[in-house]
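Input sequences plus hints: build the corresponding full structure.
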Amino acid sequence: NAGVTQTPKFQVLKTGQSMTLQCAQDMNHEYMSWYRQDPGMGLRLIHYSVGAGITDQGEVPNGYNVSRSTTEDFPLRLLSAAPSQTSVYFCASSYSTSGRAGELFFGEGSRLTVL
Amino acid sequence: AQSVAQPEDQVNVAEGNPLTVKCTYSVSGNPYLFWYVQYPNRGLQFLLKYITGDNLVKGSYGFEAEFNKSQTSFHLKKPSALVSDSALYFCAVRPSGSARQLTFGSGTQLTVLP
Chain A
1 NAGVTQTPKF QVLKTGQSMT LQCAQDMNHE YMSWYRQDPG MGLRLIHYSV
51 GAGITDQGEV PNGYNVSRST TEDFPLRLLS AAPSQTSVYF CASSYSTSGR
101 AGELFFGEGS RLTVL
Chain B
1 AQSVAQPEDQ VNVAEGNPLT VKCTYSVSGN PYLFWYVQYP NRGLQFLLKY
51 ITGDNLVKGS YGFEAEFNKS QTSFHLKKPS ALVSDSALYF CAVRPSGSAR
101 QLTFGSGTQL TVLP
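Protein sequence lines correspond, in order, to chains A and B.
1 is the number of the first residue of the first sequence in this note's numbering; add one for each residue after it.
1 is the number of the first residue of the second sequence in this note's numbering; add one for each residue after it.
No wet-lab data here; the hints were simulated from the structure.
A portion of the hints provided could be inaccurate.
[Said to hold, decoys possible] Residues from chain B that keep clear of chain A, each with C-beta distances beyond 10 Å, as calculated: (1) 8; (2) 27; (3) 28; (4) 67.
[Claimed, not checked] Short, incomplete list of chain A residues facing chain B, as computed with Cβ under 7 Å: (5) 40; (6) 42; (7) 43; (8) 90; (9) 95; (10) 102; (11) 103; (12) 106; (13) 107; (14) 108; (15) 109; (16) 112.
Even glycine gets a Cβ: it sits at the ideal position worked out from N, Cα and C.
Below, the structure is given as structure tokens:
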């Protein structure tokens with residue numbers, strides 16, 4: 001089972017550059033989300049989607065864009081990278097039905113450094 | 001707004017001893033509560049959840065958690081710790097019957113000493 005696949009695993013950017021973090025899941029999950037993990041701060045939600053064509057902002061959306069053209073894919077775009085965006089990024093997916101919502105399946109993470 | 005507090009950044013326990021990782025929450029209405037575990041350089045893995053019913057919830061790898069509504073707590077427990085349980089543990093909450101997303105605590109590093 002592939003589960004949730006994130007690419008790349010590591011990336012170094014210069015301030016002002018743009019890039020896209022890719023996320024794909026093969027479990028037919030309706031719900032997908034992006035989190036960033038910073039030391040001592042836990043995970044903070046950036047953007048999420050409850051289905052193809054539907055996205056919404058989370059807790060820390062500034063500087064990031066998302067789209068959901070298919071059920072499987074949920075890319076995260078950094079428009080103009082800043083050092084404050086240095087972090088580990090996790091994509092997660094789940095069923096959206098009430099009893100299963102919250103049982104997130106996470107990717108392995110993408111470690112981003114912005115110089 | 002919903003929130004989760006994990007008051008201990010670090011918990012150390014000897015192998016074979018019982019372990020407890022603490023979590024308190026704040027949410028409007030009834031909570032859905034979750035525990036996740038993260039091993040080094042890996043994504044988080046779902047351990048267990050409380051939705052409704054029995055206050056003692058059993059999950060993966062011998063872990064269990066006790067929901068206490070009056071103390072707004074959801075502490076993670078295991079009767080006998082293993083060295084392999086050493087990892088970062090996250091508590092998370094969201095309100096039931098709502099589309100609001102999960103809010104995670106800051107995490108507790110559990111170290112089980114041989």
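Do the hints match the structure? See the list:
Once the 10 Å rule is applied to beta carbons, residue 8(B) is consistent with being away from chain A; the minimum gap is 13 Å. Non-interface call for residue 27(B) relative to chain A: holds, since the shortest CB-CB distance, roughly 12 Å, exceeds 10 Å. The Cβ of residue 28(B) lies farther than 10 Å from every Cβ of chain A, with a closest approach of about 16 Å, so its non-interface assignment holds. The claim that residue 67(B) is not at the interface with chain A holds, since no C-beta of that chain comes within 10 Å of its own (minimum 14 Å).
Taking 7 Å as the C-beta cut-off, the interface hint given for residue 40(A) holds, the closest approach to chain B being about 6 Å. With 7 Å as the threshold, the beta carbon of residue 42(A) comes within range of chain B, its nearest partner Cβ sitting at about 4 Å, so the hint holds. The beta carbon of residue 43(A) comes within 4 Å of a beta carbon in chain B, closer than 7 Å, and the hint placing it at the interface holds. With a least beta-carbon distance of about 6 Å to chain B, the hint placing residue 90(A) at the interface is held under the 7 Å criterion.
Nearest Cβ of chain B to the Cβ of residue 95(A): about 12 Å, over the 7 Å cut. The hint is violated. Because the beta carbon of residue 102(A) sits about 5 Å from the nearest beta carbon in chain B, less than 7 Å, this interface hint is met. Annotation: residue 103(A) was flagged as interfacial toward chain B, and the flag holds, the nearest CB pair being 5 Å apart, inside 7 Å. The criterion of a C-beta within 7 Å of any C-beta in chain B is met by residue 106(A), whose closest approach is roughly 3 Å, and the hint holds.
Because the smallest distance between the Cβ of residue 107(A) and any Cβ of chain B comes to about 5 Å, under 7 Å, the interface hint for this residue holds. For residue 108(A), the suggested interface contact is upheld, since its CB lies about 5 Å from the closest CB of chain B, less than 7 Å. For residue 109(A), the suggested interface contact is upheld, since its CB lies about 6 Å from the closest CB of chain B, less than 7 Å. For residue 112(A), the suggested interface contact is broken, since its CB lies about 15 Å from the closest CB of chain B, more than 7 Å.
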